[in-house]
Amino acid sequence: MAEPILRVENLTQYRDDGFVLDIPHLAFQSGKIHGLVGPNGAGKSTLLYLLNLLEGPASGVIYFREQAINRSSSDALDVRRKMTMVMENPLLFQTTVFRNLVAGLRFRSINRKQWTSRVSEVLDTVGLPGFEMRYAHELSRGETQRVAIARALILKPELLLLDEPFSHIDKEHVRTIERLITTVNEQYGTTILFTTHDILQAYRLSDTVTSIVGGTIVDGSLENLFAGQLEASDGLQWIRISPSIRITVVTDLTGKVHLSIPPRDIILSHEPFQSTARNTFRATIQKVQLEDHTVRVTLNIAGEIELTALITITSLNELHLMVGSHVFLTFKSTSVTVF
Amino acid sequence: MFSQAVEMLITLDRELLAIIFVSVKVSVLSTVLATLIGIPLGFGISITDFWGKRVTITILNTLMAVPTVVVGLFVYGLLSHQGPFGSLGLLYTPWAMVIGQTILIIPIIGALSLSAIQSVDRRVERTALTLGANRWQAAFMVFSQGKYALLAAIIAGFGRVFAEVGISMMLGGNIRGYTRNITTAIALETGQGEFALGLALGIVLLAIAFSINLVFHYFQRTSS
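Protein chains in written order, with the working numbering: chain A, -5 to 333; chain B, 4 to 227.
Hints were generated in silico from the structure; no laboratory data involved. There's no promise every hint is true.
Claimed, not checked - Partial chain A-side listing against chain B, Cβ under 7 Å, derived:
(1) L48
(2) L99
(3) R102
To be verified - The following residues of chain A were derived to be distant from chain B, with all beta-carbon distances above 10 Å:
(4) L71
(5) R100
(6) V321
The structure presented is a predicted model; accordingly, all values stated were derived computationally and were not measured. Note that CB positions come from ideal geometry on N, CA and C, so glycine has one too.
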C-alpha cells in the first residue's frame, strides 16, 4: 500500500458556536482521489483548513508524508507550499486571470521566464485557453471555479484540496470539473482530496470515500456497491456486475456507471415468487448479525458477489434463516440507485 | 478686475507662482508624512484585535472633522517660545505648517485607509495563504487589493491640507515669499482690497481642488 500523504491522529478543533471536530485517526493515500462527504456544517471545511495548516488544531498531530508538522516551526511554510487548497466559492484577486495564476509562483519566487508557458499550460488543462488578459470580474462562476483550480494546479502541488468544488456552479460545469479532477489525478499524479455533500458523486469520482457528520468520521458508506457497463435490450436496462449476474435498473445515465442496492429493499424468501420485481437471485447465507431491531444478513450469489440485506427479527425467526442455507432474494429495478 | 486676474495667470506672475509653490511644497510634504503614519496606523488597527479597538476607531473618525484652528492652537502651544518645543524656533516657518497639517490629516488618512483595508474581501488573506504566501506576502496582497481605496485616502488628505487656511495662518504667519500660501494670500489680499491677486489665486485653488476631486472619485469608483 502506498504511503499516506497525509495522516491525522487525535485531531480536535473547537469553534465559538460550540462546534467540535474530533477525528481519532484518518489517512489519505498518495496519488489517489479522496472524497470527503458530509452535510453542511459537518466539519469538512474545518478539517481542510487544518490539513492545509491555515489554522492550528486544539490538539492532535498532522503528518505530511509521515513527518509530524508543527505549524509554528520554520518548515511549516515548506510543507504548506507542497499543497494547495481551493476554497469553497473561491475568490479571484481583482485583476487579470494571468496575475491571479502567477500569484503563487510569485510567492515562491519562481523565475518569471517560466510564467507565460506555465499559465498557458494550466489554462489549456482547465479548458480556458486564451483567458490570460480577462479580468476576474468578467468571468462566470464556472469559469471562476476553473481559474481558481488552475491557480492551484500551476503550483504543481503534491496534494490538492478542493472544498466543495461543485457548489455554486451549474450542472453542465459540474461535469467539466469532475472530468478535470480525474484528468489532473491521472496526468500529474496529484493526490486530490475534495469535499462534497453528494455521496453518489463522491463514490463516482474517488478511490476512497470518507463520511463526516457532526465533526466526526462516521460509517456512512454506501452498501451493496458495484460498477459496470450499462446495457439495454428488450426495453430493459441492465448492468452486468459479475460474469453471471446482471442487475436490471432504471436510469437516464449511459456508459460506465455505479450502482447501489439499499439493504432495506431486498426481500428474502424460500421460493422465488411471482411479482413485478425484476431482480431475483438464488443466494447462500454467509453471515447473520443481530442489530438493534433488525438483522443484517450477508448473502453470497453464485460465489461471485456478496450482498447485504436488512430484515426484521420476526422474519428471521419465521424463515428459519441459518448460515449456509439457501434463499431467494428479490428487489425492484427502481430500488437500485444508479450513478 | 477679472481680466487682471486672468492676465496674472497667463503671464505667470512671479509672486503668484511663489505663493502656489509654497502651497504645493507644504501640502505635498505634510501629505507624505501623514501617509507614512496614517496608512500603517489604519492597517495596524484593521488587522489586529485589541481591547478598545472600537473606541479607537470612533475617536479616529471624530478627529477627521477636527477644525483647523484647533490643531493650529494646539501646535502653536507646542512651538511658541514658552512651549516645550519653543527652542527649536519652528514657529512661523513652513515646517510649523507641515507639522500642523500632518497632524490634521493623520486621522483622515488613517480612518480612510482603515476602511479601505476593511473593505477588502476577508478571503484575500486566506486565499493568499492557500497559495503559499508567508505572512508578509499575504498582508501585501490585502494591501494591493485595497490600493485604489488607499490612494483615495491619500488624495482626500491632500485635498484637505491644500484648501485649509487656519493652520497656515496661525503657524506660518503668512510671511511673503516664505510661508504665504494660496489660502492665506487670498485671505490677506481680499482684506486689503487687492481683489485681482485674490481672484487669480482663487481660480488656481478651485482648479486644483476640482482636479483633486476628479482623481479622488476616479480611484473611489475603481476600488468599488
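Cross-check of the supplied hints:
1. L48: holds (6 Å)
2. L99: violated (9 Å)
3. R102: holds (6 Å)
4. L71: Answer for L71(A): violated, closest chain B Cβ roughly 6 Å.
5. R100: At about 8 Å from chain B, R100(A) fails to clear the 10 Å cut-off, so the statement is violated.
6. V321: holds (54 Å)
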